[in-house]
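Chemist: Next come the chains, spelled out residue by residue.
2 protein chains.
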Amino acid sequence: MQSNQPQHPFDLATQLTQQKPGMYSGQTSSAYANMVGPFGGVIASTLLRAVLEHDDILGEPISLTINYAAPIHEGNFSIIAYPSRTNRSTQHWYIELKQNDNIVITGTAVTAKRRDTWSSTELAFPDVPPADEVTRTPLESAPPWAQNYDIRMIKGAPLAMNPTQQPDSVTLQWIKDSPDRDLDFLSLASICDAFFPRIYVRRKAFVPIGTVSLTIYFHANAETLKHNGSQLLLGHARALKFFNGFFDQTGEIWSHNGNLLATTSQFVYYKE
Amino acid sequence: MQSNQPQHPFDLATQLTQQKPGMYSGQTSSAYANMVGPFGGVIASTLLRAVLEHDDILGEPISLTINYAAPIHEGNFSIIAYPSRTNRSTQHWYIELKQNDNIVITGTAVTAKRRDTWSSTELAFPDVPPADEVTRTPLESAPPWAQNYDIRMIKGAPLAMNPTQQPDSVTLQWIKDSPDRDLDFLSLASICDAFFPRIYVRRKAFVPIGTVSLTIYFHANAETLKHNGSQLLLGHARALKFFNGFFDQTGEIWSHNGNLLATTSQFVYYKE
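Those sequence lines, one after another, are chains A and B.
Residues 1 to 272 in the UniProt record's numbering are what the first sequence lists, from first letter to last.
Residues 1 to 272 in the UniProt record's numbering are what the second sequence lists, from first letter to last.
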């Protein structure tokens, strides 16, 4: 960051102050507020940032699981992050966010040094129109966090926004930070959670929902992410099953030019 | 279990002795050994069992993430499991397995009381021949753990077993415990990990691999699992991307009669 440029709202929202090694303080950001409490994607990125800013980190993020154990209140929080185990090329992390001495979020992460080796992408890039041919979806009535993204829905908007009966919960959307921000692991983690809840694609009512657990696998290194710059990413998400109060969401995030950057899954509580 | 019946090898392999509330001791099982160390599926089930046998458990398993931080040595281990947070209908758990005071496995789980409500399965049951029309795959040369499963591969056997070039890593297999055992959350968790590594479907060489993180979402309650009894389950797994030393695997486990019981993902280290 250049000192004469204002920080991006995302960097402010995920900002941590180190109290001592592995212990941080932070605060929720009104810019990324959700219906209730802060947007879970930014919270996931904030916990990941506690790992990335740790002096002992080995390599780059490989996987991340964040468990949303209780509602986060607006205001201050503390985070601890420590390596559970450090191996030669991989490292396992535990992360915890507390408010008023209560555990609110738990997480685990794996970081690693990658080696150049045989690689292969099996999944095909979805058949979609280019980003510049898709208009930005008006999201003025969406929660504050959505105002920080340029989202261009190709398919699978919430039913309340686009009252066409849809046979499934599949969403395809182009997405990037707004204002522009160069992609990194932190913003990618957040974008993995920036799909509207699958149940809103299937059902018109905005029933209470909440992610209980989110997992992200990173399929790219820092260099690849940097190469994407601030160009639009393609996101695909769907649910496989809704059952008695919980549904899953699986998703993939692709770079503007068709590189699979991350795959993600989450399990979400819903109250119908 | 009736006292006059011998315990199933799976129940013996996952058996824990409670030392005090939330602290257990256990030992690896030679019956479920893998190439190196124990089969990760049985280890995941053992950590889940530490939650299920905890006096304070609320409801049934919803999600489980297990991080394989270091190789497990044959022999004794200790497990701690505690609720990080207990809410009205959901509960978040932290679980840890140690050997010689070193953290070897970390995990988090969510349990919950479900409510009967609107439900929907979006994913279609795969187009496969019935289990009784598929012959059991000979696995004598596979590691010990595989001898405890009746696996009937329909598609996507390891390339070394079936040297037909395959365009993708998709595997479809019928599977059940052998000898028979009625399905429950513990055996289902293990079956989520009972696919041969995706890279062996794509590449002939048995390169060193190791799961670093495994996530399971349960889409069924205990009653549904019990109803399956010991009938064969259908498993589907595939990789989406292999990149510089890590690949993902996503999978689904269906009951014999087409009920989606669990969805799962894992991230796996490979050394080519």
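Hint data in this document are derived by calculation from the structure and do not stem from the laboratory.
Hints may contain errors.
[Unchecked claim] Covered, in the sense of this in silico footprint (three residues per stretch, anywhere, with C-beta under 8 Å from a C-beta of chain A), are these stretches of chain B: (1) 21-32; (2) 57-70; (3) 93-104; (4) 174-182; (5) 214-222.
Ideal Cβ positions, reconstructed from N, Cα and C, are used throughout, including at glycine.
Chemist: Out of the numbered hints, which ones does the structure contradict?
Modeler: 1 and 4
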